[in-house]
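**Q** Chain by chain, the residues:
2 protein chains.
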Amino acid sequence: MSDLLQNTIKMIQPLDKEAMAKAQARQDMLTKPQGSLGRLEEVSIRLAGIQEKALPRIEQKAIITMAGDHGVVAEKVGNFPQEVTAQMVFNFLAGGAAINAVAGQVGARVIVVDMGVAADLGDKPQLVSRKIAAGTKNMTQGPAMTQEQAVEAIEAGIEVVTDEAAKGLDIVGTGDMGIGNTTSSAAIYAVMTRQAVHDVTGRGTGLTDEQLAHKVSVIQRAIKTNCPDPKNPLDVLTKLGGFEIAGLVGVMLGAAARHIPVVIDGFISGAAALIAIALAPELKNYLFAGHRSAEAGHRLGLEYMGMNPLIDLDMRLGEGTGSALGIFIVETAARILAEMATFGEAGVSDKEEE
Amino acid sequence: MSDLLQNTIKMIQPLDKEAMAKAQARQDMLTKPQGSLGRLEEVSIRLAGIQEKALPRIEQKAIITMAGDHGVVAEKVGNFPQEVTAQMVFNFLAGGAAINAVAGQVGARVIVVDMGVAADLGDKPQLVSRKIAAGTKNMTQGPAMTQEQAVEAIEAGIEVVTDEAAKGLDIVGTGDMGIGNTTSSAAIYAVMTRQAVHDVTGRGTGLTDEQLAHKVSVIQRAIKTNCPDPKNPLDVLTKLGGFEIAGLVGVMLGAAARHIPVVIDGFISGAAALIAIALAPELKNYLFAGHRSAEAGHRLGLEYMGMNPLIDLDMRLGEGTGSALGIFIVETAARILAEMATFGEAGVSDKEEE
Chain A
1 MSDLLQNTIK MIQPLDKEAM AKAQARQDML TKPQGSLGRL EEVSIRLAGI
51 QEKALPRIEQ KAIITMAGDH GVVAEKVGNF PQEVTAQMVF NFLAGGAAIN
101 AVAGQVGARV IVVDMGVAAD LGDKPQLVSR KIAAGTKNMT QGPAMTQEQA
151 VEAIEAGIEV VTDEAAKGLD IVGTGDMGIG NTTSSAAIYA VMTRQAVHDV
201 TGRGTGLTDE QLAHKVSVIQ RAIKTNCPDP KNPLDVLTKL GGFEIAGLVG
251 VMLGAAARHI PVVIDGFISG AAALIAIALA PELKNYLFAG HRSAEAGHRL
301 GLEYMGMNPL IDLDMRLGEG TGSALGIFIV ETAARILAEM ATFGEAGVSD
351 KEEE
Chain B
1001 MSDLLQNTIK MIQPLDKEAM AKAQARQDML TKPQGSLGRL EEVSIRLAGI
1051 QEKALPRIEQ KAIITMAGDH GVVAEKVGNF PQEVTAQMVF NFLAGGAAIN
1101 AVAGQVGARV IVVDMGVAAD LGDKPQLVSR KIAAGTKNMT QGPAMTQEQA
1151 VEAIEAGIEV VTDEAAKGLD IVGTGDMGIG NTTSSAAIYA VMTRQAVHDV
1201 TGRGTGLTDE QLAHKVSVIQ RAIKTNCPDP KNPLDVLTKL GGFEIAGLVG
1251 VMLGAAARHI PVVIDGFISG AAALIAIALA PELKNYLFAG HRSAEAGHRL
1301 GLEYMGMNPL IDLDMRLGEG TGSALGIFIV ETAARILAEM ATFGEAGVSD
1351 KEEE
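Chain order of the listed sequences is A and B. Numbering-wise (this note's numbering), the first sequence opens with residue 1 and increments by one. Numbering-wise (this note's numbering), the second sequence opens with residue 1001 and increments by one.
Honestly, the hints are just simulated from the structure, not real lab data. Each residue gets a CB set at the ideal place from its N, CA and C atoms; glycine is no exception. Hints should not be assumed to be uniformly reliable.
Just some of the chain A residues that point at chain B, by a computed CB distance under 7 angstroms [what the hints assert, rightly or not]:
id	residue
1	Thr-31
2	Asn-91
3	Gly-202
4	Met-315
5	Met-340
6	Gly-344
7	Ser-349
All chains, please: the whole structure from these sequences, using the hints.
**A** Next up, the structure:
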């Protein structure tokens, strides 16, 4: 491992217990029955621990949406042609995609990153170009990338989120775009969670039963060819990953190292989280699961990581749409903690004397 | 029934199928795999049917939070003293309650209505005073109110939402405040859904096992004393209801009559919805369940009404906090439908040719 990655992992510290105790004490004095705001209370307290502030604040918000192509599309694992990855990047930049609408609603800026799209996207002022290569290699024939590329992609993710932090960033959501990336992600889930491939493989953009069986067999072949070591997350990422998945690993690590909470999106971001938490177990406390995706396998992945999603609306689009909705919930939790009056301030009677 | 109530019920029409078909057709052309935004797509289409617009819009938002007191508190069914109802009304008006924070986050105005608080709240410019009486009577000894009062309270709710509609209102959320109102509501759930009282009765603001058993016995006594007729929703409301619950029945009916979608809050709003849907079955299509409350019985009530909640965060506060979060989801759904580009507009390839 290189210095940047190693140092970033070392920077990820346990949550600030003192800030959390103060936030909990304040929650218990606010004008409501104790605990009656349920998970919003828990979220506000963990947020205090992450930001190291008794009154955490969410003002500057960003979704980092990373795009990459996958050599495994040669095995015909999906319904959409590979050029859609590049077309959707242009759609993000033009503001016409779902993530633009949802991020607009939430007040988050969208950072679009080319981590490895298999097309020359040209020089676009709004596009962050961190292209590692023009798509990964076909993982059924060997590793999807070299280990050097995997580290380079993670470090690109660290640098992207560090640049955003310099501009002001109180919370970040992850997002992805990449034709073929549910195949790569399902392979990562199978290895990292030790589940059968068919239990973690879903229909992606809408496969038939026959297409799904083919996708499962492709993933099984990729795992057999590569023999990834589940105890070595970098090995798993190298052999089965994608450049956008590796980049998101870096975003998660880099944000946590700077005490910035991360809301993860659905199935693809979950694959990145499985790798990132294995690299830095303390990271888990910095992550919120934005939503539960309808993509089969996401539920198992969240359970494996012990994460309870904030939203569950049968979405399965990616791009960061689920993390953007999750950011809204986290921001609401912070606002309640900051703005509500205490029993004393409001002159409201607490419980009756016994 | 009086003219206003009868006419309002008659005004609630089936959804606009043409607007819904147009919204569905547009959803299917947007740059995403069909159906990949899950329930957000369904919400946008139903919204089109409610607002009678192919491109529904949510700009003007309000939470109507109705307060009332309950004579049944004489039976010692809760932990907080009755004066908390009035104190919390003042807290709403001062902006210090949870609903103020959540509504602020969502951009909704909060309309606070005194439907029957057992205290003189004085003349407050921001308070809508529609007091029917200073609290209901103790339902263990006879009807909570007269049938005339029940109709008067429903009609007050119709008038309150009609006044708001005149100011501009694209969506409304319901909210409640009333010490003792989980007891009244559980009684309504038991009768309307034909469930055993102990299955629909919860711990409210935080009862012990012993207190919960006492609350169940109080509700059983109230039902035995009054013999409410489950086929006559106005009879159930009269005998077991609260003035704020009756007012919320009116808000739901009045909004639907004006093609305004209603996001209902948790357990108390659910009791109002059970009554309102029984009065006007077509109303159901105009309602979105904002969230699933942690209060026992809410799940059963939602299942009885066939409603799938938008949010599930173990909240059990009321005030409209769950409906405000639900409004955010509905607004997001509308925004996606309006703002996303189609495949043609964005130059993105649809599925590969077979």
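**Q** Does each hint fit the structure? Answer for all of them.
**A** So, going through the hints one by one against the coordinates:
Below 7 angstroms, beta-carbon pairs count as interface contacts, and Thr-31(A) has one with chain B at about 5 angstroms; its hint therefore holds. Interface hint status for Asn-91(A): upheld, as the beta-carbon distance to the closest one in chain B is roughly 4 angstroms, under 7 angstroms. For Gly-202(A), the interface hint is violated, since its Cβ never comes within 7 angstroms of a Cβ in chain B; the closest pair sits about 12 angstroms apart. Restraint check, Met-315(A) versus chain B: the minimum CB separation of about 4 angstroms is within 7 angstroms; hint holds.
Here the hint on Met-340(A) is kept, as its CB sits about 6 angstroms from the closest CB of chain B, short of 7 angstroms. Annotation: interface hint on Gly-344(A) violated; nearest CB of chain B at approximately 11 angstroms, more than 7 angstroms. Annotation: Ser-349(A) was flagged as interfacial toward chain B, and the flag holds, the nearest CB pair being 5 angstroms apart, inside 7 angstroms.
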